Amino acid sequence: MRMWIYILRRLILLIPVVMGVMTITFVLISALPIPTRLASLYGSPPLRDARIYYPTGPCATDSSKNCTNPAYAHYLDKSGLNQPIPYQWALYIYNSFTLNWGTVGNGSTAGYYFASAQGQSVITVLGWFLPYTLELAALSLAIILAIALPLGNLAAVNRNRPIDQSARVLSFSGYALPGFLLSSLALMGAVIVVGSGTHFFASSPWCSVGETTWSEFSGSWPAQNCYGVIGNSGYPLWLTGGYISHPTGFPTIDAIANGAYWLALDSVVRLIIPALVIAFGSIAILLRFVRNSMLEVMNLDFVRTARAEGVPEHTVIKRHAGRNSLNVTITVLGLTFAGFIGGFPVIEDVFHLNGVGLLLALSVETAHGGIDFGLVFGATLLFTLIVVVANIIVDVLYAYLDPRVRLG
Amino acid sequence: MDAYKRTWFFLRRNTLALFGLGVLIFFVFVAIYATTQPLPYYSMNSYCATNNSNPTTFTSQNTTNSVPAPGLPNGTYSWKVLPVTESGLRYAATPSSGTIHVDGTRVVVSIVFGAGVPSSPSAASPSSGLSADIKASYGVTFVEADLPFETPWTISMNYTSPNLCISQVGTVCTYPAGSAVPGPGCYETPFENPSDIAPTLNLAKFSAGPLPLGSLTLNPTVSNNFFSVYAGLLRGSDWSLLLATSIVVSGAMIGLVVGAISGFFGGVVDETLMRLVDIFLSIPQILFVIVVIAVITQGNHTFLGLDANNTHIFLLIVGFLVTWWPFYARVVRGQVLVVREQKYVEAARAAGAGKGRIIRRHIIPNSIYPVFIQMSLDVGTIPLLIGVLVYLGFNIFPSSYFPEWGAISANSVLELQLFLDTCTQATGCIVPWWQILFPGLVLFFFAISVNFLSDGLRDALDPRLRR
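In the order they appear, the protein sequences are chains Z and H. Counting in my numbering, the first sequence runs from 411 upward without gaps. Counting in my numbering, the second sequence runs from 3 upward without gaps.
One chain only, chain H, in its complex shape (with noise of 0.2 angstroms):
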């Protein structure tokens, strides 16, 4: 068959296994791409103060008479009502605080004032609650009215847009949902969480602003409190890449040479490996991991000139390694011990070469190739256990917006919890499923390309699938 054939023949054969590979690489020219970008990864300050930087606020005191408030602009409106203390009576208002949407059309919002409680014990009874109804008309006036009795009490209004800007990428300034475009680059943000930001890829104008994947917070209700999922997640990838990695490839070695100097030796060494392998087997990986971090941040004590401030990667590959291993010595050894019966190692022993030799020329190169297929799968694994790591509140990264896959995903995860926990609105919570949707995919498709590439080492590697 000529050449083409072949090759025509090899593409079509491994086609999965060769898209994991293409995958792959492309993860590592974005990582070597993303050294070359000074992104900032940690939480963005805000640069620009503008003008609605200072809450308005205006309020209104004894309601027997409308008084006319100053013309509001449109825009999002955060109210709240302070309770009032009254002839030692408390009077509180339900609901006591929320938001209402100037835009024009007359908007009506209900306040019940509860029935006064007592402040101290021994004052008098408690009364009837009092109830009002505030309207805020077109523009102008602020009418309250309805009131049962003179009581003072106060409501002040405020009106703050968050301003949220983006250093080294341009001025880019948000303003409340619903109000006026303020200039040109600015995002629009939900007034509850200004720390949300939807993603801003135009696909129709082939723009993209500087958070074309969203934003990622741990604080939604903190302005300036996040960063891009775009940056986090191109940042990301060197750092997993290199985690993955070096606990992959040291792990690899390790188990390397205690199988193979357990398979080919056999007798007591046989035993005595294999019963250490068994001992580091038995550890639950994410455990370990959680009990060497554990310990080691629990006191003030050095152990080998690290203390708590500074060890955590360290610790992190450390504590990985110490149960990883054992599963590729397993691995070498099964294979060693098939080895050793072949032909060639009894011919090798018989034209004199020495342990040594056998073991360096003929066996280990014969029976390495589940440690590369067993490579491939766990360098997928290693940032899903890291993100379990994130997600069980170990904070074993410098910073809480460390840009890394898997704390990517897990900071997602929990802010998605706490969203749940928090929405109280019947509608017109965002559920930001940009920061679950884009890691997610991002972590979905490095898995599936190594394990596309596993999967076509071994159908061109395994000599028991040859045909």
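The shape of chain Z in the complex, shown without the other chains (with noise of 0.2 angstroms):
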């Protein structure tokens, strides 16, 4: 019962939380010029229509009854922008909450490279994106345990032993090269080992159509987002209709739900590289966490006791200590997770993966068009949910685990 409390609880006060993230959101959608704050909720109009939201004249700025610009000061009315900032931060409030996070233009580098989400919301735009980011993340998240808690137990039983300086000497090693550069590095080492560097100049090397083993480790499916020529990948088109697969929008469930092993296989082997990539940066940080607390648990009485009584070492650590030392780990692991969602832009974009860093990523590019601020906005407002649901999740498997924290 205390468990149902508590996790009532922490929804409760998830509110005031994502609350004083959407206010902050707002300080600083505030300081945008009303225009481009009227281009982020409706979409940029077409260039024969900019007097909509860029009149010259003394309608420019103004709101008032001077203004002779019905369209300007109909979308201002509209939007709530010429009311006072309580009223307008009340009104982004609601509508952030409802789900109603403003429209993607076309003026911008996304707008330009994903020419069917003009026009759409920044909802549906994001919805069709975040399975591959989510399908990265669950792999990457599957890595990093499978390597860091053995590894950490090693670790933290050979305390300063050669197993353990080289576990720490390695784990660093991912967490002091930067992503770009390990990701770049990754990329090509792949292509020359498998492909022995035979495809390496290929003269579109970014794009799956052909058989360049540079194509093979990065690119998503189904819908490719080779820069400038969107169109079939060369799958089938019952699985590719448009930017989603069907049922569920995940690549790989969808692969294996229609029955095409061999394409899950396939989503699955574009994203290993990247997963390895992200995962070789987080191990270091799970790795100090997970020896210091096996540190920490195997000073303590009861393993003493276990020991003295006869229970032979591997039982010890795996049982009695291991088991208690999973409390850190998983809030290392919540905070992980926060960590690697904002690093997500530059991997995806050296794999050209479909997910919404890439999105992120190209709206804030200025090479073709404006930034786009609605969907810089709602990727925020996304990231921050994604945040603060994976940080319940791991407090509400923290409860489950430790009594302490449900009672106390």
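Derived from the structure by calculation, the hints contain no laboratory data. Source: prediction; values computed, not measured. Glycine included, every Cβ here is placed at the ideal spot set by N, Cα and C. A few of these clues could be false.
Unchecked claim - Simulated restraints, written as ranges between beta carbons of each label pair:
#	chain 1	residue 1	chain 2	residue 2	range
1	Z	534	H	439	39 to 47 angstroms
2	H	401	Z	682	36 to 44 angstroms
3	H	351	Z	419	26 to 34 angstroms
4	H	267	Z	419	17 to 25 angstroms
5	Z	420	H	336	13 to 21 angstroms
6	Z	813	H	274	23 to 31 angstroms
Taking the hints as your guide, dock the two standalone chains into a single complex.
Printed below as a string of structure tokens:
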């Protein structure tokens, strides 16, 4: 019973946290000029109607009764941008909670590359791209857990011995190398190792049109994001109808659900190297905490008692010490998840995966237009929500494992 | 145990931490040394012009005759064939440009003229293509032959010597690969990417040119547009250390105060402050900095006296700070909750100490050790995050060649990607490894040294791990 009360309490406390984040985003949004804000709410108008958001003359930034531009005044009233700030804040919070996060415009790099996203609402577009990021995150988490937990235990048990030192050095090297460096080198390395560098200088190295080795370790299906070339990836049409696969939108799950097992394997293969790069960066942090919590637990009395009773050492480590050291590990996992979600733009940019990070990186690029603030703030809110939800899951797991948290 | 033994055991136990500390102190000295060196860190201009800066061009026409060309000196030549429009048909050559390398042996280049395409919709139908074999023989003659019929076409060949001079370290000039060395102190450059200059460290003679670690450029096909990796890394040390320490120390101070207040007072204060910490913890760091920079640079309005042109480094610091302090607050609060229950705090309160005194004298000194550990870790992370920002294309520094470790490594990776996209030859593209290896090594050693230091600090300061 106390478990449900704890969960309820955490969920209720979620709301002020989310509102606080929305307030911070609102403070940043209100620093933007009004035409930009209108464009982020309703999408950029076609060029011939640019006068709607960017009028010249007396109505350029004025919303008083002297305004003679009816379209501009209409949009101002509709968006509530001529009201005082507290009203705007309340309206923003309401829109954010009802998932009315704005519209994708046609004047940004993201709108340039993903033409069918123009005019769609931000939530829809984010929903197209989110499953790829989640798949990548899931695979990375699995790899991190599979490597960091046993290695951390091993390092704690053999404290300061060579295996401890080498594990720390190896993991720190992952922590010390920046993600963009590592990912470029990893992709090049994969091409050289697997493809003997023969297709290194293919004419269109980033697109999966053709059989280059480069393309086998990057890119996403079903929608290829060859920059400027958006088309069929060569996969069956019943899977590639548009940007999302059917029925769930997660490529791997959909491939399995539709019986195309080779495609599922292929999409996992495309995710391995990015997931390894992400994991390499995060293993260090997790390893350090696993090692420290294990060290802490192994000094406690009940472990000494178990040893004195004659329990074999490996059972002591696995059953008695291991379980109790999971607390800190789970907390750190939550923090890690928060950390690497912010690092996805670079990984997805280098490996050409259609994730939210790529969307974010493209929407802040100014090469083919301005910055798409609807997408930027929408992605910020989305990432924040993911982090908050992950923290709640972590706290619930923590409470499940450690009764002292529930009762104290 | 006497002092010698104790020292020896201390060194043996904390080897890695001392190594990390040593490397960090080395970096600090490098930063101090860098400020004494008048090294220019913007793009270097060409200061010397030689007689090879004008391209030598010759053209040939009317290929039914073999026209002797003027003698070609040895070197690498770029040639191009201009498309020709004749009788409403336009002929273009494949390939239409390229390079040949004249070194005294016969060189054969094959050019195929494509089928004549009507240059306007009403012109005649296309005819068959043409072909030509252009031979450049030893030193003297340039013979064109084997064209089926008379067509005016032009081939021009350019011999240009990219000439790069680096100021303040003496005059340095470069010469294209394969040609004769024009003079002492000259360094070879690839003809296609004249700004990609390999490291010139000559260990056998213990000499180093002005580019001991090579050059870094954002436009490899343009000459005179690079800076020395060595100079950039040297200068970058003071910028990286400055940014990292300012962000981390300010974040730690704010987090320490918030965490101590929240942990000590408990109750409603604790709850509200922890919710505040949760709010700021939920915002991904890089995202927040991106948003802040994007918003402030968007309009031409000013925000607290800062406008779009002169704010970036300040914005960087503030942007990181806003999302950085919650880590410290959380860590300090956890520690304060433990310290608060200790006996000495109870004793101090029994002796009549006020709350401020207890916080100042007892709580903060005993709960500060995780802050040091976290600080030493974060210092190594910040140049990497700045590199990510530069990689995503944000001009957070006043110049695109700004010397900062993260910026240098991000620019080098971007240039590597550019290079991989544009290098179309099967062999002969020189990967600019020096631009990636050296900045990467520096970042790596920096981060690892602070990691070792933080481990040593923890082993030394953590009361729970003491035997």
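### Message
Are any of the numbered hints broken by this structure? If so, which, sorted upward?
### Response
none
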